[in-house]
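Number of protein chains: 2
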Amino acid sequence: MPKETYLSEKVAEQLMQYIINNNLKAGDKLPNEFTLAEKLGVGRSTLREGIRSLVSRNVLQTRRGAGTFVAKENVGVIDDPLGFAFIEDKQRLARDLMEIRLMIEPRIAAIAAKNATKEEIDKITHLAKETENIILAGGNHIDKDIEFHSQIAIASKNLVAPTILPIIQNSISIFIDVTASKLRRETIDTHRLIVEAIQRGDEIAASDAVYLHLIYNRQLILEKVSENL
Amino acid sequence: MPKETYLSEKVAEQLMQYIINNNLKAGDKLPNEFTLAEKLGVGRSTLREGIRSLVSRNVLQTRRGAGTFVAKENVGVIDDPLGFAFIEDKQRLARDLMEIRLMIEPRIAAIAAKNATKEEIDKITHLAKETENIILAGGNHIDKDIEFHSQIAIASKNLVAPTILPIIQNSISIFIDVTASKLRRETIDTHRLIVEAIQRGDEIAASDAVYLHLIYNRQLILEKVSENL
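The listed protein sequences correspond, in order, to chains F and L. According to this note's numbering, the stretch in the first sequence is residues 192 to 420, in order. According to this note's numbering, the stretch in the second sequence is residues 192 to 420, in order.
Keep in mind that the hints were calculated from the coordinates and are not lab data. Take the hints with a grain of salt, since some may be wrong.
For chains that are exact copies, the list does not tell them apart, and a pair is met inside one copy or across any two.
[Claimed, not checked] With a straight-line Cα cutoff of 16 Å, these simulated EDC-like cross-link-like pairs (lysine to aspartate or glutamate) come out:
id	residue 1	residue 2
1	201	270
2	305	399
3	314	387
4	314	264
5	230	264
6	281	368
7	348	287
8	415	240
9	281	200
10	305	224
11	335	323
12	263	323
13	220	414
14	373	414
15	373	323
16	373	393
17	348	280
18	314	229
19	216	311
20	220	418
21	230	334
22	220	200
23	348	279
24	216	280
25	216	279
26	320	394
27	263	334
The following block holds chain F by itself, in its conformation from the complex:
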């Protein structure tokens, strides 16, 4: 039996094309419903369904009374875009996500050490300091920690790493608490090593520091996984 496709999905496709062809960027406003419906040659209620479909894919956002906008960040990337919610064994998943982090991040950090601008180095340094302060104050540093690693990915200039890596790190943090007190000292120390290496533009040291950092994290994850076997 063929799967059903809704008219709204076709309109969603048209809207995607409209956004891309008109080079609309994150946060840009779309024309009003009347104009859009006319441009796409569809009724307003069908248009609304198409818009809703793109809202659920984080391509668009609607704001009451203000109109329809391209999403502000991560355009087209939904929460959990890789469907991890549907993988049953979350601990094995966390372990395997960490395996992928270990394959990508040391190399990305090396490229960042080579490519980072002065401004990016300042941001990375600042985020490491903020993460450290939260850790020392006994708070939950995971969001700031993800920001720190994301900024390194951005500094690498690779177009894909800043999307993929935060998804992976965030997913691991959902399934396993990696902010345990025993890791706090190692996190501070290895973050500092990473920052210093990037400041010096030292590719090998940056890569090694990220390896160290991730291996401490992985040891904790493997302990937690084996506790539950």
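Since the structure of chain F is already known, use the hints to place chain L on it.
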């Protein structure tokens, strides 16, 4: 201004929870609308909107006259889940995606050489042969090629690689034609090397063969990118 959330999005969340809590798998059928609406305590038109939202996220599929089902494959993973359509410089994107493939796939192939079952090795061998036949017949082998690499990712037993790697490989193939005739011989030869290494359970040879394979691909991509600079 706060972004608007639709009631349908909340129902979509409830439906997600229902699928996960009831351990429904790809292809499983959901209860009929009447029962579902009652279970979730919502009206049927709101339920339908929630279902549509999950259809657009590839969590559900509806088939006319047959009902609502969990999607058959890649549950929760939409086409272009990482929003590559919204990245303007497609050639730089292809280059950077290849950079990420080079970080992940040699290692995944090594793990596959260690972990592959007899049945998985047969599948990999068969897919390589099929890809080769398409190439020799002058056809477009890209889909079969992606299947071949996906099967290696599956054989690694890493839970994430079989989702991430086909997305990356498929995206590269959309932006740059890597089936050029000059690559056909190298593809056949390096695929054979990969298969033989996995058959022997030789981790280092598997990793090296994938490096070779990807480096030939990358050379072609870099040529195409520089042609267009």
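- prompt: For this structure, which hints from the list above don't hold up?
  reply: The structure conflicts with hints 4, 5, 8, 9, 10, 12, 13, 16, 18, 19, 20, 21, 22, 26 and 27, although it agrees with all the remaining ones.
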